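Peer 1: What follows is the residue order along each chain.
Protein chains: 2
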Amino acid sequence: MNTILNPEQNTWNELTQRPTQSFQDIELTVSAIFKEIQQKGDKAVAKYTSIFDGITLENNQVTQQEITEAEQQLSDELKEAIQTAKKNIERFHAAQKTAKVAVETLPGINCWQEKKPISKVGLYIPGGSAPLFSTVLMLAAPAKLAGCQEIILCTPPNKEGKINPAILFAAQLCGITQIQKIGGIQAIAAMTFGTESVPKVYKIFGPGNQFVTVAKQVATQYGVAIDMPAGPSELLVVADETSNPAFIASDLLSQAEHGADSQVILVTTSQEVLKQTESEIEKQLAVLPRKTIAEQAIAQSRLIYFDSEQKALDFINEYAPEHFIIAAQNEEFYINGIQNAGSVFVGSYTPESAGDYTSGTNHTLPTNGYARNYSGVNLDSFLKAITFQKISPKGLQTIGNTIEIMAEAEGLQAHKNAVTIRLKTLENENI
Amino acid sequence: MNTILNPEQNTWNELTQRPTQSFQDIELTVSAIFKEIQQKGDKAVAKYTSIFDGITLENNQVTQQEITEAEQQLSDELKEAIQTAKKNIERFHAAQKTAKVAVETLPGINCWQEKKPISKVGLYIPGGSAPLFSTVLMLAAPAKLAGCQEIILCTPPNKEGKINPAILFAAQLCGITQIQKIGGIQAIAAMTFGTESVPKVYKIFGPGNQFVTVAKQVATQYGVAIDMPAGPSELLVVADETSNPAFIASDLLSQAEHGADSQVILVTTSQEVLKQTESEIEKQLAVLPRKTIAEQAIAQSRLIYFDSEQKALDFINEYAPEHFIIAAQNEEFYINGIQNAGSVFVGSYTPESAGDYTSGTNHTLPTNGYARNYSGVNLDSFLKAITFQKISPKGLQTIGNTIEIMAEAEGLQAHKNAVTIRLKTLENENI
Numbered sequence: 001m002n003t004i005l006n007p008e009q010n011t012w013n014e015l016t017q018r019p020t021q022s023f024q025d026i027e028l029t030v031s032a033i034f035k036e037i038q039q040k041g042d043k044a045v046a047k048y049t050s051i052f053d054g055i056t057l058e059n060n061q062v063t064q065q066e067i068t069e070a071e072q073q074l075s076d077e078l079k080e081a082i083q084t085a086k087k088n089i090e091r092f093h094a095a096q097k098t099a100k101v102a103v104e105t106l107p108g109i110n111c112w113q114e115k116k117p118i119s120k121v122g123l124y125i126p127g128g129s130a131p132l133f134s135t136v137l138m139l140a141a142p143a144k145l146a147g148c149q150e151i152i153l154c155t156p157p158n159k160e161g162k163i164n165p166a167i168l169f170a171a172q173l174c175g176i177t178q179i180q181k182i183g184g185i186q187a188i189a190a191m192t193f194g195t196e197s198v199p200k201v202y203k204i205f206g207p208g209n210q211f212v213t214v215a216k217q218v219a220t221q222y223g224v225a226i227d228m229p230a231g232p233s234e235l236l237v238v239a240d241e242t243s244n245p246a247f248i249a250s251d252l253l254s255q256a257e258h259g260a261d262s263q264v265i266l267v268t269t270s271q272e273v274l275k276q277t278e279s280e281i282e283k284q285l286a287v288l289p290r291k292t293i294a295e296q297a298i299a300q301s302r303l304i305y306f307d308s309e310q311k312a313l314d315f316i317n318e319y320a321p322e323h324f325i326i327a328a329q330n331e332e333f334y335i336n337g338i339q340n341a342g343s344v345f346v347g348s349y350t351p352e353s354a355g356d357y358t359s360g361t362n363h364t365l366p367t368n369g370y371a372r373n374y375s376g377v378n379l380d381s382f383l384k385a386i387t388f389q390k391i392s393p394k395g396l397q398t399i400g401n402t403i404e405i406m407a408e409a410e411g412l413q414a415h416k417n418a419v420t421i422r423l424k425t426l427e428n429e430n431i
Numbered sequence: 001m002n003t004i005l006n007p008e009q010n011t012w013n014e015l016t017q018r019p020t021q022s023f024q025d026i027e028l029t030v031s032a033i034f035k036e037i038q039q040k041g042d043k044a045v046a047k048y049t050s051i052f053d054g055i056t057l058e059n060n061q062v063t064q065q066e067i068t069e070a071e072q073q074l075s076d077e078l079k080e081a082i083q084t085a086k087k088n089i090e091r092f093h094a095a096q097k098t099a100k101v102a103v104e105t106l107p108g109i110n111c112w113q114e115k116k117p118i119s120k121v122g123l124y125i126p127g128g129s130a131p132l133f134s135t136v137l138m139l140a141a142p143a144k145l146a147g148c149q150e151i152i153l154c155t156p157p158n159k160e161g162k163i164n165p166a167i168l169f170a171a172q173l174c175g176i177t178q179i180q181k182i183g184g185i186q187a188i189a190a191m192t193f194g195t196e197s198v199p200k201v202y203k204i205f206g207p208g209n210q211f212v213t214v215a216k217q218v219a220t221q222y223g224v225a226i227d228m229p230a231g232p233s234e235l236l237v238v239a240d241e242t243s244n245p246a247f248i249a250s251d252l253l254s255q256a257e258h259g260a261d262s263q264v265i266l267v268t269t270s271q272e273v274l275k276q277t278e279s280e281i282e283k284q285l286a287v288l289p290r291k292t293i294a295e296q297a298i299a300q301s302r303l304i305y306f307d308s309e310q311k312a313l314d315f316i317n318e319y320a321p322e323h324f325i326i327a328a329q330n331e332e333f334y335i336n337g338i339q340n341a342g343s344v345f346v347g348s349y350t351p352e353s354a355g356d357y358t359s360g361t362n363h364t365l366p367t368n369g370y371a372r373n374y375s376g377v378n379l380d381s382f383l384k385a386i387t388f389q390k391i392s393p394k395g396l397q398t399i400g401n402t403i404e405i406m407a408e409a410e411g412l413q414a415h416k417n418a419v420t421i422r423l424k425t426l427e428n429e430n431i
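Chains as they are written, first to last, in UniProt numbering: chain C, 1 to 431; chain G, 1 to 431.
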């Protein structure tokens, strides 16, 4: 752990840096696999599933029977927990629905904006040590609410060619159209181009390792949109002398167990709480199953003391954390002042894991400082806004000359003509 | 002009293709200039301004005196037109403001979403033959409404080191923070990294030629967001036997004059209107000042007849036009059915140029089929959504077990601990 006391503002740039990731070597590999899948479709997908997942599959698509079996394998309490989480996520995301925006900007000039679903979306759920069925809920529930017609889920099979039953249960519950046993680069490429068995999609969502991250970036070169650029997960806790060091330590560790590259930061206006948190971390870390992973992240962590809340807030806004826990008493100060964050957890009884699973907010959030310019996944991520305008003959007579003057000044005569020809017609018809 | 009658659905994929653009040669040039500007700042900017714009500038920043002089050079009628357009754009974009979304997902679990401005944004306005002061309004007015603190505008100087006065007037009117005489790749790179005189921004907006397009893509590799991927502008008009061929021709030509690579498409259920439009285009084209440009676009244009409105609509949704004019009588059918379009113009008296300048809708729109997965620029483009949650002790007692079960099932023990430690504290305190 690195303790820093009252850092001067000219050191903040360095303190807000995330570990640099170089994707250039990977990009060549990714691009080559993309080209192969573009040309050879399912055959190439099968080849890479065999190489990367160590299994040869006859058929990538999960069958109804597999889904039914998965449901039988889960405990009732886990199924109930997943259902509770889904309901909360739906409640919060349904409330984000916006009404049609309609304005008569001038008499006879009616403008409106309507949102329409992105018809085909692809969701990627990583495999590996943690079966992220919670991410299935976070992506599929809003996609369904938004009205996306085709929702394709790709996730890698294990060595037996199976998918974790909780992932299948959550996917089925959310109304996923198709579940494909495809992982990594080959999954993103398959959804980008479409293959004989996987539909092409217009937007791809979901977390993943560095290969998936680069694959999503490469996908954007082929016309696919992505939810956001991804990086290692991160948490910043702000605390004062009233905060509970054991709670803070538990939150920092819940972030640290995600991966050795997780970012864990404590910002505090109390040197006492800083020291106590440090020793609490050591105590709690000792008994964690994922201790080895968490230890590495904690070794890189920063515990930063500031002598004023304003400086603390300024630093936090410069850092732009993915997850931001307000464990300080002065909650309103931080709530009102925060400008750059993915999701904010207010008060001592709001651990990050509440938002990770069940409070209702989305856990797919901007990392690596992207909270300065990106939203986390929300209902609008699955929609696009279309604008409309309808101008009456009277409306065009009111505004026509303004258009003609501006088009003329931009040297665009045909733009002007499109108005002039209509105004003349109205004049001839005595309207 | 290419006339196609009742194309079979298996030919639609080809018919909806845009001209392929290969950016790979350009990308090397762009990346090299980015690296130089990252290292050498203003000195490198000056070098490329000298190479590409043929002028050596002492100072890139536009002075207050230049702005005052610009205002004096413009006619009153143009200034008034610009002000009218700005007011309409403001009215429509102000109406897009969303209220805070707040939901108690379960008793004691309060979730809310608030939007905050992206604090630093960069706007790019191309130089060249058409001085796009209208684009200044389209980008700067919503940026100001959204509350962006720093709004930087870059636009290339002419050979005398000047900026078109209408661009300066519009920029001043909208409250741009800083206007820089920098164009092309060097402008995008300067705003990506920041230089001694140009601030680094978090999101870059605006149109440009292929160099600017690639530069914006490269900028995203350095943590900057962009409005959307850009391509040549495009218009699709749908018409039936009641439509006015002269109006349609004027609209298609207003699109065609943008550039030789502009996409111009007529979809119609009337072969008669198709033929009449064809001859109207020839008639109107002959007298256009930008005839040479428009002619090339028109040569590539497609006039497509369908024998049913449903087929026409399906094709239009597959094409996903940037601009879509409904010149057919059955307006409601197309309004309700359109799923993929940037901006829609309804009825015979709503030419595209109305939306380009003054109706109030934005003219920065998704091209190249991106209307399937991207919105045009709107108020939200300058904001990001942050979610918040606050859980009461009672709320955590209600939901805590659900979180514990899910965290355990994902194998994330520290996530579970963050809840368990709090529940135990509450138990010990008899709450």
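Honestly, I wouldn't trust all of these hints.
Chain copies aren't distinguished; within one or between two, either way the pair holds.
The calculated lysine-lysine pairs, modelled on DSS-like cross-linking and capped at a C-alpha distance of 25 angstroms, are [said to hold, decoys possible]: (1) Lys394 <-> Lys79; (2) Lys311 <-> Lys291; (3) Lys394 <-> Lys144; (4) Lys424 <-> Lys283; (5) Lys394 <-> Lys120; (6) Lys115 <-> Lys311; (7) Lys40 <-> Lys120; (8) Lys115 <-> Lys97; (9) Lys144 <-> Lys291.
The set of hints was computed from the structure by calculation and includes no laboratory data. All figures in this text were calculated on a predicted structure; none of them were measured in a lab.
Peer 1: Against this structure, judge whether each hint is valid.
Peer 2: Verification of the supplied hints:
no.	hint	verdict
1	Lys394 <-> Lys79	between (61 angstroms within a copy, 23 angstroms between copies)
2	Lys311 <-> Lys291	neither (33 angstroms within a copy, 60 angstroms between copies)
3	Lys394 <-> Lys144	neither (42 angstroms within a copy, 31 angstroms between copies)
4	Lys424 <-> Lys283	between (83 angstroms within a copy, 17 angstroms between copies)
5	Lys394 <-> Lys120	neither (41 angstroms within a copy, 40 angstroms between copies)
6	Lys115 <-> Lys311	between (40 angstroms within a copy, 23 angstroms between copies)
7	Lys40 <-> Lys120	within (22 angstroms within a copy, 44 angstroms between copies)
8	Lys115 <-> Lys97	both (9 angstroms within a copy, 14 angstroms between copies)
9	Lys144 <-> Lys291	neither (37 angstroms within a copy, 48 angstroms between copies)
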